[in-house]
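Residues per chain, in single letters:
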Amino acid sequence: MNTIKLKTFVVAVFASWITPLLSAGEISGTFVFESRKPFVALVYLADDKSGAKEICGPLDQKNKEFSSRLIIGREGSEINFKNSDEMNHNIFANDTRKGIQFDVGLLSPGSESNATINWEEGHVVRVGCKIHPKMRSYIANINSSYAAIIEFDSEDPETTFTISGLPDDVKEIVVWFPRMENLSFVLSKGDSKNMDIIRNDRKYGELIISRI
Amino acid sequence: MTPKRFLLTLFALSGALHSPPLPVLFAGDQGYREIAEKHFSVPDTFDIEYPDDLEPSEEVVELGSMLFFDNRLSFNESQSCATCHNPDHGLSDGIRFSLGATGKPVERNTPHLYNLAWNQVFFWDGRAASLEEQALAPIEAEAEMNMPIDILVDRLKSISGYREVFEKAYGDDSITPDRIAAALASFQREIIVDNTPFDSYLNGNDNAISLAAKRGMALFVDKAACIKCHDGANFTDNSFHNIGLKSEDIGRKAIVDIPILNKAFKVPGLRNILFSAPYMHDGSIGTLEEVVRFYNRGGDDTENISSLIKPLHLNEDEIRDLVAFLGAINKPLEIPRPNLPEPNSIKFVTKK
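Sequence order for the protein chains is A and B. Those letters in the first sequence? Residues 1 to 212, per this note's numbering, in order. Those letters in the second sequence? Residues 1 to 352, per this note's numbering, in order.
Everything labelled a hint here was simulated from the structure, so no lab data went into it. Predicted, not measured: the structure shown is a model, and the values here were computed from it. Ideal Cβ placement from N, Cα and C applies to all residues, glycine included. There could be a bad hint or two in this list.
[Claimed, not checked] Below are the PhoX-like pairs computed for lysine-lysine, each with C-alpha atoms no more than 25 Å apart in a straight line: (1) 253/B <-> 134/A; (2) 82/A <-> 253/B; (3) 168/B <-> 134/A; (4) 310/B <-> 62/A; (5) 62/A <-> 223/B; (6) 134/A <-> 228/B; (7) 62/A <-> 228/B.
[Unchecked claim] From the structure, some residues in chain B lie toward chain A, with a derived Cβ separation under 8 Å: (8) 121; (9) 126; (10) 256; (11) 260; (12) 262.
[To be verified] Label-pair distances were calculated between CB atoms; the ranges are: (13) 71/B <-> 199/A: 30 to 40 Å; (14) 304/B <-> 84/A: 49 to 59 Å; (15) 184/A <-> 37/B: 38 to 48 Å; (16) 103/B <-> 84/A: 45 to 55 Å; (17) 316/B <-> 199/A: 17 to 27 Å; (18) 181/A <-> 313/B: 23 to 33 Å; (19) 207/B <-> 198/A: 45 to 55 Å; (20) 193/A <-> 207/B: 27 to 37 Å.
Construct the entire structure; sequences and hints are all you get.
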């Protein structure tokens, strides 16, 4: 049986554009999973309200995949959807629990459309394609400038990330995964923590995180 | 099997037979291998998404096998899941529209069950999002097994052998719809075809498939562009398309009401497709060769047809090569019949 060689990579770690001081703090973390890894994770500092900058946008479609597994914006952000594929696609969200619905209709090859983030801060909405149900991506509404998006795609059991340029008074970490329990905790300068990653009362992995 | 179908089957299978040893590597062999390695793979069980990421125990799978083959899952005890999904007929039943427990034909062709462990959506119209969700629907459907789930639960509870098997599988003898669905789904996830001649070719055996099948593989990717929908290790992207059949069935549109999905149906996986004729959601095409000819002419009804369906301009040799390739992705799968729990009492239940 063939073994698919997967490669771990961190898609985006940002906030470097707001790193005015070399002395600003930095968070570094390592995810370790015991078996299957999540599709994606979002780590951000929830008590920072300086406003998210859209990253990894626009959300494009090519080779029957979304260009990013997760993009972020804040309340009112326009998300630009594109179809760079050679076949028709669609983008929709149907979050019945939060009452969030949109559907951009048919996106023929080369076309674009937009949707606005108008749901509550901190909520992540799954989007998909009605023609190709295997396709999925997520859009997060956060208001923080300090965040990292981690795409897990590796047989390597460990995946690392950093968030730099942190002011000392921003401390509340939120870690979001699809289908896993979110983590929420305070991490001050000099702290280190090991957090269990849980789904349905079962431990799937661990986050080892520290701040300097 | 009719003589014509026998000959076509024989021809398709010939794609899976070893080519005569070649004195030197055929000039195109490296090219074919590059195509194969770029576009195809052997199914990887690591990629199966089990509920809660937990593989079922052997006991749960065994229970699922018993339920799958047990006629008592239909109200009048005339049919099991295996009646229509017969392992001896490609996990289908060889007829256009299966007959339900009451003898009436159902409205769509019975799909095969190979490699559903990797599937995203189920039924021709994709109305179930998991095998667990799918499992009980044909049992309860009046046109199929016609069995109200509460009566099924009572019936299984009345059989001491089933109480014992449920206890072995789940730790206690509670019999619930969720456990029935989970066991059936767990059994179906074990129906895996990953050792076809084409898999052997992918694993490095250049002579595992014929030259015709290799040419067919190249056509599958390029000129015929089958791979635009039949991609990945299981030859499906789980998408929905109106492929241009003359049919009044609105298909996926009944589930997702957008115009492009009118008369669109799920792209089926192609592993062991040779064994599950007839083909398409309406069972209207009897052989793989006819299927290729249908796509070659760009479908029969162009209204709202998918933009991916266009005349292919394949010549007769190319049609045969494509069929040869489709013949190389099959491997008969033996599914042993389990010993079923004996009835310990006769109990008649009146349907509410």
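Hints versus structure:
no.	hint	in the structure
1	253/B <-> 134/A	18 Å, holds
2	82/A <-> 253/B	24 Å, holds
3	168/B <-> 134/A	35 Å, violated
4	310/B <-> 62/A	21 Å, holds
5	62/A <-> 223/B	20 Å, holds
6	134/A <-> 228/B	14 Å, holds
7	62/A <-> 228/B	12 Å, holds
8	121	5 Å, holds
9	126	7 Å, holds
10	256	5 Å, holds
11	260	5 Å, holds
12	262	12 Å, violated
13	71/B <-> 199/A: 30 to 40 Å	38 Å, holds
14	304/B <-> 84/A: 49 to 59 Å	24 Å, violated
15	184/A <-> 37/B: 38 to 48 Å	45 Å, holds
16	103/B <-> 84/A: 45 to 55 Å	52 Å, holds
17	316/B <-> 199/A: 17 to 27 Å	55 Å, violated
18	181/A <-> 313/B: 23 to 33 Å	55 Å, violated
19	207/B <-> 198/A: 45 to 55 Å	50 Å, holds
20	193/A <-> 207/B: 27 to 37 Å	57 Å, violated
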